[in-house]
Structure formats: structure tokens, C-alpha cells
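Colleague: Given next are the chains, with one letter for each unit.
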Amino acid sequence: QQQVRQSPQSLTVWEGETAILNCSYEDSTFNYFPWYQQFPGEGPALLISIRSVSDKKEDGRFTIFFNKREKKLSLHITDSQPGDSATYFCAASVRNSNNRIFFGDGTQLVVKP
Amino acid sequence: EAAVTQSPRNKVAVTGGKVTLSCNQTNNHNNMYWYRQDTGHGLRLIHYSYGAGSTEKGDIPDGYKASRPSQENFSLILELATPSQTSVYFCASGDYGISNERLFFGHGTKLSVL
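Top to bottom, those sequences are chains A and B. Numbering-wise, the first sequence is residues 1 to 113 according to the numbering used here. Numbering-wise, the second sequence is residues 1 to 114 according to the numbering used here.
Keep in mind that the hints are not guaranteed to be accurate.
Unchecked claim - In silico SDA-like links for lysine to any residue, alpha-carbon gap of 20 angstroms or less:
{"#": "1", "chain 1": "B", "residue 1": "Lys-110", "chain 2": "A", "residue 2": "Pro-40"}
{"#": "2", "chain 1": "A", "residue 1": "Lys-71", "chain 2": "A", "residue 2": "Val-53"}
{"#": "3", "chain 1": "B", "residue 1": "Lys-11", "chain 2": "A", "residue 2": "Pro-40"}
{"#": "4", "chain 1": "B", "residue 1": "Lys-110", "chain 2": "A", "residue 2": "Asp-105"}
{"#": "5", "chain 1": "B", "residue 1": "Lys-57", "chain 2": "A", "residue 2": "Ser-97"}
{"#": "6", "chain 1": "B", "residue 1": "Lys-65", "chain 2": "A", "residue 2": "Arg-100"}
{"#": "7", "chain 1": "B", "residue 1": "Lys-57", "chain 2": "A", "residue 2": "Asn-99"}
{"#": "8", "chain 1": "B", "residue 1": "Lys-57", "chain 2": "A", "residue 2": "Gln-1"}
{"#": "9", "chain 1": "A", "residue 1": "Lys-71", "chain 2": "A", "residue 2": "Tyr-32"}
{"#": "10", "chain 1": "A", "residue 1": "Lys-112", "chain 2": "A", "residue 2": "Lys-68"}
{"#": "11", "chain 1": "B", "residue 1": "Lys-57", "chain 2": "A", "residue 2": "Arg-100"}
{"#": "12", "chain 1": "A", "residue 1": "Lys-112", "chain 2": "A", "residue 2": "Glu-17"}
{"#": "13", "chain 1": "B", "residue 1": "Lys-11", "chain 2": "A", "residue 2": "Gly-41"}
{"#": "14", "chain 1": "B", "residue 1": "Lys-110", "chain 2": "A", "residue 2": "Ala-45"}
{"#": "15", "chain 1": "A", "residue 1": "Lys-57", "chain 2": "B", "residue 2": "Arg-102"}
{"#": "16", "chain 1": "B", "residue 1": "Lys-110", "chain 2": "B", "residue 2": "Thr-20"}
{"#": "17", "chain 1": "B", "residue 1": "Lys-11", "chain 2": "A", "residue 2": "Glu-42"}
{"#": "18", "chain 1": "A", "residue 1": "Lys-56", "chain 2": "B", "residue 2": "Glu-101"}
{"#": "19", "chain 1": "B", "residue 1": "Lys-110", "chain 2": "A", "residue 2": "Phe-39"}
{"#": "20", "chain 1": "B", "residue 1": "Lys-110", "chain 2": "B", "residue 2": "Gly-63"}
{"#": "21", "chain 1": "B", "residue 1": "Lys-110", "chain 2": "A", "residue 2": "Glu-42"}
{"#": "22", "chain 1": "B", "residue 1": "Lys-110", "chain 2": "A", "residue 2": "Thr-87"}
{"#": "23", "chain 1": "A", "residue 1": "Lys-112", "chain 2": "A", "residue 2": "Ser-52"}
{"#": "24", "chain 1": "A", "residue 1": "Lys-68", "chain 2": "A", "residue 2": "Ser-52"}
{"#": "25", "chain 1": "A", "residue 1": "Lys-71", "chain 2": "A", "residue 2": "Ser-7"}
{"#": "26", "chain 1": "B", "residue 1": "Lys-65", "chain 2": "B", "residue 2": "Ser-112"}
Since the hints were made in silico from the structure, they are not lab data.
Okay, chain A solo, but in the shape it has when bound (with noise of 0.2 angstroms):
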């Protein structure tokens, strides 16, 4: 069983627009969420994360939207540049455990000038 989804597989916006990249999970005991970005050639890097505690993350245009109750979230890139054309893979764990870092299938995001 996937432990956690990603929906789209593929977004396209146009520059300027809202790309909205949906997650979801499955285990009730996740409380931490990272999201990762990664360009082509390279590996994936941390862009932002949210713990279960908070329900709203921001960092300049990246913002993440937590529900815990529909064990959903979703991250919103507002004013889409070129520059964020890249694949964002949705994590999520057991905060301050040793326990393993479970991956979404990602979602490619191309933004079109």
C-alpha cells in the first residue's frame, strides 16, 4: 500500500498563475511533511516542510496547506516562474524518530512563459 500520493502526475501552468500540487497519506502517525524539488540532472533538494502541529506553512511564493483530518496537503506556488519548471516530490515521517522517509510518486510542473 503507497503510503503516499501526489496528484497530478503532470501540471502545466502559465507564468504568473498558481500551481496547486495535491498529497495525500495514509499512516495517522505522520507529523512531518516535506517537500522536495528537483530539476533535471540533479537529485532532489528540501524546499519547504510542515509539521501536523501547524496547518499553514509559508516561504515566499511556496505555501503549504495541511489538513490533518482528511490526511491531505497541498502545495501552492503562486506567481509561477519558469525557474520553478522542476519535479516536487511530497515526503512524509515520523518527526524526532529514526524512522523512514516515505516518498510520493512527484508531480512534474512545467511552467510555460
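For chain A, the structure is supplied; the task is to place chain B on it using the hints.
Modeller: Only chain B this time, still in chain A's reference frame:
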């Protein structure tokens, strides 16, 4: 900034041959991971380690072995490479605790098995 270095960056191997992918980290992290990335499958965990001398099976360990001889080094070994193992492989290091809750990835190794 934490550093994870993978070698080689590209590798072409023959079916049935032995392949060793190497990973070195200078972060002094206890945990290290090997993932493979294929289109439509995201990042799939092959093996991981909690420290020198330890290796654990991930979600897709069949056909792969791992070795962690030191804190810094973690290798992935394909004893008998098959074309289905053609993929991009990523190594990562991390520690989960109060101060450090992120994985640091290498740039990847592109493996082609012919």
C-alpha cells in the same frame, strides 16, 4: 552545506556483470539511503543504513546488495546486472532528530545495463 558525492556519474554495464555504485558523505550523518528513480515511479528505496556495519532492506531490495564499511561510505552492489536495473540511482544521507530533519541527495548515477 552538506555534501553527498556519488561515483560514477554515468555507467554502462553488460548483462550479468557486476556493478558497484559508490556514495560518500561529509555530513557525519548516521543514516544513508539508496533510491532508484524511474519515470512514473518516483523514488523507490532499495537499501538503507543506520550506521557503519548496518544495512537494511528497503522496498525493492531484490537483485541489490549494500555495504556500509564506514560512516562516510555506502555502496550499492549489483552482483548480476540485468537490463531491468537500468535506472538513475540516488544516494542520500540524513539524521532524524530535533536539529536535522532533511535528506541530502547526491547528483545521481545513470546506469545503463545492455
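Colleague: Evaluate each hint against the coordinates.
Modeller: So, going through the hints one by one against the coordinates:
Restraint check for Lys-110 (chain B) and Pro-40 (chain A): the C-alpha separation of about 12 angstroms stays at or below 20 angstroms, so the hint holds. Annotation: proposed proximity of Lys-71 (chain A) to Val-53 (chain A) holds, straight-line Cα distance about 13 angstroms (limit 20 angstroms). For the proposed pair Lys-11 (chain B) and Pro-40 (chain A), the alpha carbon gap of about 18 angstroms is at most 20 angstroms, so the pair holds. A C-alpha spacing of about 19 angstroms is found between Lys-110 (chain B) and Asp-105 (chain A), which places the hinted pair at or below 20 angstroms, so the restraint holds.
Between Lys-57 (chain B) and Ser-97 (chain A) the alpha-carbon distance is near 18 angstroms, which keeps this suggested pair within the 20 angstroms criterion. For the hint linking Lys-65 (chain B) to Arg-100 (chain A), the alpha-carbon distance of about 19 angstroms falls within 20 angstroms, and the restraint holds. A hinted pair counts as satisfied when its Cα atoms are at most 20 angstroms apart, and Lys-57 (chain B) with Asn-99 (chain A) qualifies at roughly 13 angstroms. Our distance criterion of 20 angstroms between C-alpha atoms is met by Lys-57 (chain B) and Gln-1 (chain A), whose separation comes to about 17 angstroms.
For the proposed pair Lys-71 (chain A) and Tyr-32 (chain A), the alpha carbon gap of about 12 angstroms is at most 20 angstroms, so the pair holds. For the given pair, Lys-112 (chain A) sits about 33 angstroms from Lys-68 (chain A) by alpha-carbon distance, which is inconsistent with the 20 angstroms threshold. Between the alpha carbons of Lys-57 (chain B) and Arg-100 (chain A) the distance comes to roughly 11 angstroms, so the proposed pair stays at or under 20 angstroms and holds. For the given pair, Lys-112 (chain A) sits about 10 angstroms from Glu-17 (chain A) by alpha-carbon distance, which is consistent with the 20 angstroms threshold.
A C-alpha spacing of about 15 angstroms is found between Lys-11 (chain B) and Gly-41 (chain A), which places the hinted pair at or below 20 angstroms, so the restraint holds. Proposed proximity of Lys-110 (chain B) and Ala-45 (chain A) is supported: the alpha carbons are some 18 angstroms apart, at most 20 angstroms. The hinted pair formed by Lys-57 (chain A) and Arg-102 (chain B) meets the criterion: a straight-line CA distance of about 16 angstroms does not exceed 20 angstroms. Simply put, Lys-110 (chain B) and Thr-20 (chain B) have alpha-carbon atoms about 12 angstroms apart, close enough for the 20 angstroms limit, and the pair holds.
Between Lys-11 (chain B) and Glu-42 (chain A) the alpha-carbon distance is near 16 angstroms, which keeps this suggested pair within the 20 angstroms criterion. For the hint linking Lys-56 (chain A) to Glu-101 (chain B), the alpha-carbon distance of about 18 angstroms falls within 20 angstroms, and the restraint holds. With a CA separation close to 15 angstroms, the supplied pair Lys-110 (chain B) and Phe-39 (chain A) stays within the 20 angstroms bound. Our distance criterion of 20 angstroms between C-alpha atoms is met by Lys-110 (chain B) and Gly-63 (chain B), whose separation comes to about 17 angstroms.
Restraint check: the Cα-Cα separation between Lys-110 (chain B) and Glu-42 (chain A) comes to about 11 angstroms, which is no more than 20 angstroms; the hinted pair holds. Distance restraint check for Lys-110 (chain B) and Thr-87 (chain A): the Cα-Cα separation of roughly 18 angstroms lies within the 20 angstroms cut-off, and the hinted pair is therefore satisfied. Taken as a hint, the Lys-112 (chain A) and Ser-52 (chain A) pair is broken in the structure, with Cα atoms around 33 angstroms apart against an allowance of 20 angstroms. Pair hint Lys-68 (chain A) plus Ser-52 (chain A) holds up; C-alpha atoms about 7 angstroms apart against a cutoff of 20 angstroms.
Taking the CA atoms of Lys-71 (chain A) and Ser-7 (chain A), the gap is about 14 angstroms. The hint holds against a cut of 20 angstroms. Restraint check: the Cα-Cα separation between Lys-65 (chain B) and Ser-112 (chain B) comes to about 18 angstroms, which is no more than 20 angstroms; the hinted pair holds.
In this structure, the hints that do not hold are numbers 10, 23, in rising order.
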